[in-house]
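Enquirer: Modelling step: build the complete structure from the supplied sequences, incorporating the hints.
One-letter residues, chain by chain:
There are 2 protein chains.
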Amino acid sequence: MINFQTSPERYQHWKLEISGAVATLSMDVQEDQTLAEGYKLKLNSYDLGVDIELADAIQRLRFEHPEVAAVVITSLKPRIFCAGANIYMLGSSSHAFKVNFCKFTNETRCAIEDDSRHSGRRYVAALNGTASGGGYELAIACDEIYLVDDGNSAVSLPEVPLLGVLPGTGGLTRLVDKRKVRRDRADVFSTLAEGLKGKRAKEWGLIDGYFATSKFGQGISARVEEIVAAQSTHRSPSELNKSRISLTSLQVTETDDSRNYRYIRVQLHRDQRYADLTMRGPEGAQPTTPEEIHELGDAYWPLQAYRELDDALLYLRVNEPEIGLVCLRTEGSIDSVLAIDETLAANRDHWLVREIILNMARVLRRLDLTAKSFFAIVEPGSCFAGNLLELLLASDRSYMLVDDNNSIAPSELNAGAFPMSNGLTRLQSRFLAEPERVDQVLDQKRFDTEEAEEIGLITFAPDDLDWEDEIRVAIEERTSLSPDALTGMEASLRFAGPETLDTKIYGRLTAWQNWIFQRPNAVGPQGALTNYGKPTQAHFDFKRT
Amino acid sequence: MINFQTSPERYQHWKLEISGAVATLSMDVQEDQTLAEGYKLKLNSYDLGVDIELADAIQRLRFEHPEVAAVVITSLKPRIFCAGANIYMLGSSSHAFKVNFCKFTNETRCAIEDDSRHSGRRYVAALNGTASGGGYELAIACDEIYLVDDGNSAVSLPEVPLLGVLPGTGGLTRLVDKRKVRRDRADVFSTLAEGLKGKRAKEWGLIDGYFATSKFGQGISARVEEIVAAQSTHRSPSELNKSRISLTSLQVTETDDSRNYRYIRVQLHRDQRYADLTMRGPEGAQPTTPEEIHELGDAYWPLQAYRELDDALLYLRVNEPEIGLVCLRTEGSIDSVLAIDETLAANRDHWLVREIILNMARVLRRLDLTAKSFFAIVEPGSCFAGNLLELLLASDRSYMLVDDNNSIAPSELNAGAFPMSNGLTRLQSRFLAEPERVDQVLDQKRFDTEEAEEIGLITFAPDDLDWEDEIRVAIEERTSLSPDALTGMEASLRFAGPETLDTKIYGRLTAWQNWIFQRPNAVGPQGALTNYGKPTQAHFDFKRT
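In the order they appear, the protein sequences are chains A and B.
The first sequence begins at 863 in my numbering and counts up by one.
The second sequence begins at 863 in my numbering and counts up by one.
These are calculated hints, taken from the structure and not from any lab test.
One or more hints might be untrue.
Copies of the same chain look alike in the list, so a pair counts if it works inside one copy or between any two.
Stated by the list, open to error - Capping the alpha-carbon separation at 20 angstroms, the derived lysine to aspartate or glutamate pairs in EDC-like fashion look like this:
(1) 1064 x 1316
(2) 904 x 879
(3) 902 x 1331
(4) 1064 x 1296
(5) 1040 x 1312
Expert: Structural data, given as structure tokens:
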């Protein structure tokens, strides 16, 4: 079982150092500390274990080190920044694992950009040596990239020429869409195994600057100082410092067929290939001021429950591949959930509250991007309200029992606090054809089943007589379908409307990479990925498709 | 060899009837008239041969029947409109053929929408019986859809539940993005093999209306009359009638390793897996008025040369799969090409000139969407000017010899006449990072090699000493790379910037479909596509990926 929980004192591959407003995240991959057998993580190449630590570090920076204004990502290995995803790990992994690995690493890079965009922390890639493949893809997820000019170090995307696969961790998309590298130059760069060094890399827009070896540290420091100075007008480090909180380890109790957190319960029905995921609402008195929230720290419901949801989703993705359907359920008081949303909305300008909301948004996007079907099941006693209404809106379909005691409710937070990858709210995505319904929904306090069906918030509204049969049949039908066709279908239907860098990465680039990851030219006995580093050579079927 | 040339008198599967301002395109597929062995085209199911006729009919409507304001697409078979792409054809086709087949059928459907958007012809799908799979996908490419309400006929997308593949001919994308069907309803509809009938189909936005059997013909006629009446304020049928032109068959001379049209020469270097495609500019006196253009008809250079280019591209896609690289060359006078563009620009409001320009734009988009690498080779005597400059801008990279007699030139038409699928011009796509360069390019008359390199119009500018070696090495390198990785890379790098319905179809949906088209769950011995219609059942590997 792969565990996604870690913390800095357990990191094997990264060092996180904080000095005033500057964090330095240094990569120093221990080549023998791999997640699986059969490969060594040479040259700061990475596997999922390395990226789990990186994701954790970025997450902690936001909650535990709010004073940090600039994050330097660099390497402790001489002359090498990062060689990207480990080829032998990829070559020996199943297709499903490769796909999940790439998705998680993509989410980590998008989390860097989310921090930059919404929390204003600037990420600086300090490339003290060559950044190739996923190494350069990590760099272009940062705001600025500086390369050492030592006559040798380069940035490169050698996947196409060396491995017959794509720079699929956002590389191709960020090249032309984020850094806006001219498409013919991007074409040359992406087919040039050795990559480009300082001067030309700068000219082509691949990096933002370069420094001679002797001036590298100083050059980076000077730039980081500028960044911090520019940020300091917005922040008061001493005040931020006082209010940071700690993210403690999540407590999980496991049985053969369940996984229980404080607020999340996952019940696995492996024979039937589905799971029930029940999220419990807040209980008892809840804080209403930033001070009270700070005091509760990571035990505050919106933070703890969504951290647990995140972990449960990652667990299901990687460790339960045959579970194809998740029935999302909630338990608790609608009023309590709405009270939480009211507090969050009223204090959204406070850094901690903002971070809590942004984290909820990221977890909900992780749900959107999970290759499993989701059905929301709405019964009396459930609390699909406000932030938890997003679970229903994120679902592929929803079933709501006709019952006088059954209702759902929107809150102010459904109006924009939790954008999808396409930049729209889930209500906007839902009502593309009738945008006026978004405000109609937001204007009404509660919806009973009939009202919810009428306005279009739910898919089906069976009555008591049909309820159990209808849910049972729906589950049976869904889990009988081709899992691949469902993945492709859901990836197409969930993200109507505009496209963004993120949706391009998860839709277009990832779909092409997944295609290539199955092609004999990559993974067959004569494929490039299979034969990399071996005395044998790749042999291609040259038919263009 | 598959031939893309046809004409109405040779149609086997469609009847094209014109009555005043209304064209009726009736599908009546002859089940034995297949393009390959091993399947019968029952229930108006189609193979590539059927779609080649449809594409031809839509193209001819624009040039040969400009008086037509409404096109009714219907079927001559009782109780069945169209059952979609033939499953047995798909099941017995190679992966490469499936992909090319889907791309062409997608382009045909986009051509319907192009006609509607730019030439104002309205397409009405008159579903006199069930439209399933590709049959419904043809319908949603139309502007309006009407279904017979006979208690039996339905619209459906049964690909996911029955075949384990996607409705990949734009179906999923058009469902949520064009018709803006609510995503949960789209989910239900796309997993419901039997589909939905009149009332509910209308309620969910899948169709625009339904008529009882006895009133179907009359209902369609009445709606078509309304459309024609609304259009007639913009058109003068009698005048349009006079000026229509005929599209005659293209003349091609073939040898073992070449394909020669009047203005296009394709030289195949099969051993080296590349082709030279040379496009010759106009020669001699050219018309300057709509009347003169009309007199020349389809012999007018911009129409003939681009029709030839279209045919050459389709030939290369389907019949020369191992040719991975096309070197685009031009021959002729820059001034003559610019004179053509001047005439086209001056007369763009005339229907025939508009259609000629729109056709050029479609052919250039076909080039953008071709899964082969393109290098533009610019030498003295070439004429990469105006519309032909688009060939260079569409290329993955370009090489321009340093020579006093070598130049390239923009024209007014590069400013918007030939939009890419992403809605941008090729100059805008090229200069995303420096949009001001677009106008700088358009403001200058000529660019010698140095100027072209300086402003960023070309990729490489070798001098005489390096020229031959550099081109030779570039060709060798390109054709040595994994063809799959190149396809995925080019599909990602060519379409930076905004996304549209079209780019979503060709990027996101197609990439997922291509992935699924190789998965054992679809095409393996136990796959759903393989076992469709057989006594054996599909068995899935239920791991979700």
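Enquirer: Which of the numbered hints are not met once you compare them with the structure shown?
Expert: 2, 3 and 5
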